[in-house]
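Visitor: Just so you know, the sequences run in chain order A and B.
Residue numbers for the first sequence follow the numbering used here, so the first one is 19 and each next one is one higher.
Residue numbers for the second sequence follow the numbering used here, so the first one is 17 and each next one is one higher.
If you're looking for bench data, these hints aren't it; they were derived computationally from the structure.
Among the hints, erroneous ones may be present.
As the list claims (entries may be wrong) - Partial pick of chain A residues on the chain B-facing surface, computed with a CB cut under 10 Å: (1) 29; (2) 43; (3) 45; (4) 60; (5) 62; (6) 64; (7) 67; (8) 110; (9) 122; (10) 125; (11) 130.
As the list claims (entries may be wrong) - Which bits of chain B does chain A cover? Going by a derived footprint, with three or more residues having C-beta under 8 Å, they are: (12) 49-62; (13) 72-83; (14) 121-129.
What the hints assert, rightly or not - Just a sample of chain A residues kept apart from chain B, beta carbon distances all over 12 Å, derived: (15) 30; (16) 95; (17) 113.
None of the values given here were measured: they were computed from a predicted structure.
The beta-carbon is built from N, C-alpha and C at its ideal position, and this holds for glycine as well.
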Amino acid sequence: AQSVTQPDIHITVSEGASLELRCNYSYGATPYLFWYVQSPGQGLQLLLKYFSGDTLVQGIKGFEAEFKRSQSSFNLRKPSVHWSDAAEYFCAVGIYSSASKIIFGSGTRLSIRP
Amino acid sequence: DGGITQSPKYLFRKEGQNVTLSCEQNLNHDAMYWYRQDPGQGLRLIYYSQIVNDFQKGDIAEGYSVSREKKESFPLTVTSAQKNPTAFYLCASSMVGQGSVPTGELFFGEGSRLTVL
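Here chain B stands alone, though its shape is the one from the complex:
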């Protein structure tokens, strides 16, 4: 079945450790996104990528890094520089239409919940 797979679903990390969250899609979508969801703050954009080997910072990129070496994959690394990493992380993808404009509908993974101990 087509979709977005995020792993792991739950992750615990000690302070000072980097951790990488996986996001894989088999929808053949060009655009991929990482959002962070905290209670009362909605979804905040961390990084997004429209094509392979290119990505842009979102509104809260500090302390995070990404790569886009393959169309299907957009892993997110939460570094030790992220001051408050405990959160729910959502990966999404979207088709890109004419003029390189995403068609709009985001397809979301089930999310990864990161807890820093």
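Looking at chain A on its own, in the form it has when it is part of the complex:
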């Protein structure tokens, strides 16, 4: 069965420090991969997506992610976090076979230390 794993439930980093959020997926074919962010009291917003091509993708708000097929991973990175980055981050996989569905990981809550 397809699945998405985000092993870190909660991460705290200092403002200005670098960030990496981990995501691993289980899917037999080449996946479509996404990162979404959910700020407190707000809906989900797409940060970036990978469909094909360059395995390093750039997103909004200074985020990037790298697809590593050998590791079945799609980790999200940011070189320097801002207090406004505090939110919950979800990795997702698009399964496109006879019908199309998108499944999400359990999320990683990011806190920023002043």
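Take the given structure of chain A and dock chain B to it, following the hints.
Guide: Below, chain B alone, put in the same frame as chain A:
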């Protein structure tokens, strides 16, 4: 303005009652989805639909039902068979591109919070 409208925002239900959550979109998207969000469990897929009059079960469909009679509308019924219905429900939609593949970006509604008393 284009978007997804979910209603009601808050809903209280007595045990044993069915309740229907509304989801309407004016984005002209073909694909629509229902997710349930619980703390620590992320978003879990309940049902999804790629075209009118067709839908598929997601990972946690038991105790739920949907219909897709119009492209714009994808209502979710939480039945009395759902053992733990108290949760935050999110509806989403997506464009469908070549080969009937959704383009990927999900547009979400603001959600409906259901509490069973």
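Visitor: Please go over all the hints and tell whether each is borne out by the structure.
Guide: Status of the hints after comparison with the structure:
no., hint, verdict
1, 29, "violated, 14 Å"
2, 43, "violated, 13 Å"
3, 45, "violated, 14 Å"
4, 60, "holds, 9 Å"
5, 62, "holds, 5 Å"
6, 64, "holds, 5 Å"
7, 67, "holds, 5 Å"
8, 110, "holds, 8 Å"
9, 122, "holds, 4 Å"
10, 125, "holds, 5 Å"
11, 130, "violated, 20 Å"
12, 49-62, "holds (count 8)"
13, 72-83, "holds (count 3)"
14, 121-129, "holds (count 6)"
15, 30, "holds, 17 Å"
16, 95, "holds, 20 Å"
17, 113, "violated, 10 Å"
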